[in-house]
Amino acid sequence: MLIFSNKNPKLSKCFADHREDVVNCYGKFDEFFKVLFSDNADPTVLQSIKIAVDNCENAADGELRHVVDLLSDSFLPTTRTNLITLVQSTDDVANLCQEIVRHVMLEKIAFPAEIRADLLEIIAITKTQLSILYNAVDMLINDYKTLNNDRKVLDDVRAEESKVDNIQAALHERIFTLDISLAEKVYYRDMMEHICDLSDMIEDISDKIQIMLVEREA
Amino acid sequence: MWWLYLLLGAGIFMGWSLGTNDAANAFGTAVATGVVKYRTAVTIIAIMVVLGAFLQGSLNLESVNKLAVTNAVIPSEEIAREQIAAGNQAWIDSVVWKSTVKAALIFVVSAVVVFIMSYLKFPVSANQSITGAIIGWGLANGCKMKGDNLKQIIKFASTWIMSPAGAIIISFILITITNKLIVPKLSKLSYYDKIVKIGYIIAGAYGAYSIGRNSSANVTSLYYGKIIDGTPTNLLSDARFTATIGGIAIAVGVLTYSKKVMMTVGTSIAPLTQIEGFVVIIAMSLTITLIGDLMQIPVSTSQAVVGAVVGAGLTKGWRCVNFGVFKNIGIAWVSSPCAAGLVAYLVALATKGFLA
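The listed protein sequences derive, respectively, from chains A and B.
Residue numbering for the first sequence is 1 to 218, as defined by our numbering.
Residue numbering for the second sequence is 1 to 356, as defined by our numbering.
Hints may contain errors.
Reference excerpt, derived from the structure (chain A facing chain B, CB under 10 Å, subset only) [claimed, not checked]:
(1) L76
(2) P77
(3) T79
(4) M139
(5) L140
(6) N142
(7) N148
(8) F176
(9) R216
(10) E217
Not close to chain B: a few residues of chain A, all C-beta gaps over 10 Å, as computed [to be verified]:
(11) G27
(12) A41
(13) I51
(14) N58
(15) N95
(16) M105
(17) Y134
(18) I141
(19) D143
(20) R158
(21) N166
(22) A169
(23) D179
(24) E193
(25) D197
(26) M201
FYI, nobody ran anything at the bench for these hints, they're computed from the structure.
All values reported here derive from a predicted model rather than from experimental measurement.
Just so it is clear, CB atoms sit at the ideal spot from N, CA and C, and this is done for glycine as well.
Pulled out of the complex, with its shape left as it was, chain B reads as follows (with noise of 0.2 Å):
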C-alpha cells in the first residue's frame, strides 16, 4: 500500500512547523543581533538537527509510543504476537493502514492546532500539542486515565514542569560561573569577541543537535512500530530511519521558513549580555538532553528556553526577572494539550466507525 507513505506527509509537516518555530531558539539571539549570519546558522541547524535525529533520535520513539498504545492509537507488542501468532488475517491485513491513518490525524490535529494559536498569538508547544492530542484520541476511544495510561500521562506532564525548571537552575548554575570565572578575563576585545563568536556557534549546533535528538522522534514515532514474525506493525520499522525522516522534516523547515521567528526570539531575549545569550542556549540544550536522558521522553524546547533566561535573569536578583513569562509558560501548559486534545478527541470520535 504505496499510499500509505504519503500520509508520512502529516509527520514531516508537523516536523516542518517544529522546524520554523522551536529551532529558531538554537541560534534566535546570534542572528538577530548579527553575530552569526542566518545562512550559516540555518546550515549549522540542518546539519545538527539531522545528526542529533540520526544518531539519539530513536532514544525517544519508545516512551511515545508507551503513550500511543495506552491511548488506543497503535497496538502494543503484546496484542500484536497474539494476534500474529493466533494467525489473524483480518487484524494483521488492518494494523499497518490504520495506525498509519490514525497517526497522520493526530499529526494533522497538532499541526493545525499549532499553526493557529501562533497566528491568535497564543504561546504554543509543539511537543505539548501532540501529546495532547495522542491522550485525546485515547480518551474518545475509552481510554481511561488510570493505570499505565496514567502512569505514561503522569511522566509526560512532570517533563513540562521539569523543562522550565531544570533549565531555571542549570542556567543559573552555569551563568553564576560563567560571570564568575570567564568573563573578568575576557579583558581584551578581542579575545571577547571570539569567546562570544564561538560560543554562540558552539551553543547553536548544540542547541540544534538537542532539538534533532528531543524532537525528531515527536513527530514520527506514530508511524513507528517493530516487525514481529515478519510481519510489519506499523508504516516504518527501522527506528534510526523513523528518528532520521523526523530530523530532515525538522530540518527542511528551518531551511525553509525560520527566520521570522528566530529575529522574535532573539529580540525577545536582547535583554542578556552576548555571553549569557549563549549560556542561555547551552543551558537549554542541557536540560534537553539531561531530562531527556532521564525520562527519555521528548521534552518542550520552548519552555526550557524560557526557563533558562529566568534562570540568567535570577543571577542579577528577583527584581531582574520578569515573572509574566510564567504566566504565558502557563497557557501553552495549559493551552496546547487542551486544545490539540479536544480536537482530536473530536476527530476520534468521527472516524471510530472504521479505525477503532
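So that you can see chain A by itself, here it is in the shape it has in the complex (with noise of 0.2 Å):
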C-alpha cells in the first residue's frame, strides 16, 4: 500500500519523466515541421530529429510502463485507473507524433507552400495547449481545490482545440481549392487530420479530467 510505503517519490518522478519525455517528443515534432517546411530542408537533419521523436516516444513508453508497475497495489483502485488513464492518455499523444513523423519520412511527402503556415499554427497551438492540459493534470494531483473551484483551466484546452477546428475547416476547404490531383488533396486532408487529431487527443484527456473531478464530487 502506498501509504506505508515509499513508492510515492518515485511515482512523482515517474509521472514527471513521463511528461518531459511527451513534451520533449512534442518539441522534435514541433521542429521536425518547422525543419521540413523551411527552405532547403536537409534529409539528414530531419533524419536526426525522427530518431529524436523515436527517442523521446521510447523513453515515454517506458516511464509509462514504470508508472503503471509502481501503481500497482498502490493508491485506491478508482484513483489507479483514472492516473493510468491519464498517463496513457498523454503517451497516446507521443505515440501519433511518432507515427506522423514515421509517414512523412518513409513516404517523404512534400506538402505545398500554400498549406504550410497553417499547418504551423496548428502545431503551435496543440503544444499551447499540451502545456495547458499539463497544469491541469498538475492541479488535479497536487491542488485538486482549485481546480475544482475554477476549472477555465479546462475550458483553455477546449478553446486551443476550438482555434486548431476553425483552421482546420478552412484548411480543409483550401486544399480542395489546389491545382492539383483529387488523390493529392485526400492525401493532404487526411494528413492534415492527422496533426488536428493531436489537438482532439489533448482535449479528450481534459474531458477524462473533468469527469474525475465530477466522480470524486458525486
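Combine the two chains into a complex, taking the hints into account.
Written out as C-alpha cells, the structure reads:
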C-alpha cells in the first residue's frame, strides 16, 4: 500500500519523467515540421529529428510501464485507474507524433506551400494546448481544490482545440481549391487531420479530467 | 446435561446468520470499491466484533432478558429466588433445560424467518426478528401486552424508529462537518487517498466493534441466567462469556459467508463520495453506540446504515434522497417481527404442553 511505502516519491518522479518525455517528443515533432517546411530542408537533419522523436516516444513508453508497475497495489483502485488513464492518454499523444513523423519520412511527403503556414500554426496551438493540459493534470494531483473551484484551465484546453478546429476547416477547404489531383487533395487532407487529431486527443484528456472531478464530487 | 450445550447451536446459527448479513455493513462499501481487500476486511471485522462482544457485549444482556422474562421465555430473578428458597426441586431440575430449549426454539424460528425472507428478497432485520419471536412466544403463553411487558415492547419498538432517525441526524451532521472542514483541505491526491483508505479502515473497525457490542448479546442472551444460591437458572451464567460466544458466532459468519452480501451493500451505497462512504459507517456505528448506551437495547444495524445513507443524501438536498428506502424500512419494521412472532407463537402453542 502506497500510504505505508516509499513509492510515492518514485511515482511522482516517474510522472514528471513521462511528462518531460511527452513534451520533448512534441517539441521535436514541432521542430521536425519547422525544418521540413523551411527552405532547403536537410534530409539528414530531418532524420536526426525523427530519431529524437522515436527516442522520446520510447522513453515515454518506458516511463508509462514504470508508472503502471509503481501504481500496482498503490492508491485507491479508482485513483489508480484515473492515473493510468491520464498517463496512457498523454502517451498516445507521443505515439501519434511519432507515427506522423514516420509517415512523412517514409512517404517523403512534400506539403504544398499554400498549407504549410496553417499547419505550423495548428502545431503551435496544440503545443500551447498540451502545456495547459499538463497544468490541469498538475492541479488534479496537487491542487484539486483550485481546479475544482475554477475549471477555467479545462475550458482553456477546449478553447485551443476550437482554434485548431477553425483553422482545420479553412485549411480543408483550401486544400480542395489547390490545383492538384484529387488523390493528392485527399492525401493532404488526411495528413492534416492526423495532425489535428493531436489537439482532439488533448481535448479528450481534459474531458476525462472533468469526469474525474465530477466523480469525486458524486 | 451436556446435550443442552448442543442447543447453543441455534443461537450460534443466529449469530452466524447475523454475521453474514449485518456485519457486511461495516466494510461493504470499502470492499465493493476495492479500497480494502475482502480478506483484510473480514479479518478486521472478526477481531473487532469479538472484541466488542467481549468488552461491552454484556451491556445489552439485561434488557433482552427483561423482555424474555415478561414474555415467559425465562423465569424472573424473583421467581427463581422464591422457588430455590422454597426448595422446589422439580422447578430447579427443569429450569435450565426448559429455558435452554425455549431459547433454542426462538433462535431457530428467528433464523429460519430471516433466511426465508432474505431468500424471498424481503428487507429483513435479524435483531427485530428475535424481538418479534420473543413477543410471539409470550402471546402464546398468555402474556398480555400491558404493564411491564408493554413497557418492554415499547422500549424495543422505540429503537426501531430511533435507530434510522438517529442515524439520519448523526450522518447529516458528520457529513456536513466533513464536507465543510475536511474535504476542502484534501487538495493533494495522495492525501485524499490516504484519508479515504485510513478512514474506511477506522470506520470499518469501529463499525465492527459496535456490531459486536450491539448484537452479540442478542444471539445468546436467552441462554443466560444468574446463579442464585448456587443454582444455575439457565445454560450460561457468565455475562461476558455469553456475549463473547455471540461475538464469535458473528465473526464466524463474517469469515465464512459474507462476501456476497458485502458486495451488495457496497454497491447500494455507491452514489456517495468516497469520503462520505466511510463517514456513513461512522455515523451508523455512533448511532448504534449512542442508542445502545441510552436504551441498553440491541438496535437494528441495517436500519442504522440506511438512515445514515439518507442523512448523507440530505446534505445535498431533498431531491437527492430516494425516499423509497423508507418503504423498505417500513416493510422490515413490520414484516420481520410479525413473521417471526407468528411462527414463534405457533411453535410455543405446539410445545406449551411440556415447556410451560
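Measuring from the C-beta of L76(A) to each C-beta in chain B, is the shortest one below 10 Å?
holds (5 Å)
D197(A) and chain B, when compared Cβ to Cβ, separated by more than 10 Å
holds (29 Å)
Does the closest beta carbon of chain B sit nearer than 10 Å to the beta carbon of M139(A)?
holds (9 Å)
Over 10 Å to the closest beta carbon of chain B is the bar; see if N58(A) clears it.
holds (28 Å)
R216(A) as chain B interface residue, shortest Cβ-Cβ below 10 Å:
Since chain B brings a Cβ to about 7 Å from R216(A), closer than 10 Å, the hint holds.
Min Cβ distance, P77(A) to chain B: is it shorter than 10 Å?
holds (4 Å)
Agreement of hint F176(A) with chain B interface, Cβ distance less than 10 Å
violated (47 Å)
Given as non-interface: N166(A), partner chain B, CB spacing beyond 10 Å:
Consistent with the label, N166(A) stays out of reach of chain B, its closest Cβ about 35 Å off (over 10 Å).
Could you check if N142(A) really has its C-beta closer than 10 Å to a C-beta on chain B?
holds (6 Å)
Please verify that the nearest CB of chain B lies beyond 10 Å from E193(A)'s CB.
holds (35 Å)
Just checking, I141(A) versus chain B, shortest CB gap more than 10 Å?
Not fine: 5 Å to the nearest Cβ puts I141(A) too close to chain B.
Claimed clearance of chain B by A41(A), with the beta carbon kept past 10 Å
Check passes; 44 Å lies beyond 10 Å.
The structure is inconsistent with the numbered hints 8, 18, 19, although it conforms to all the rest.
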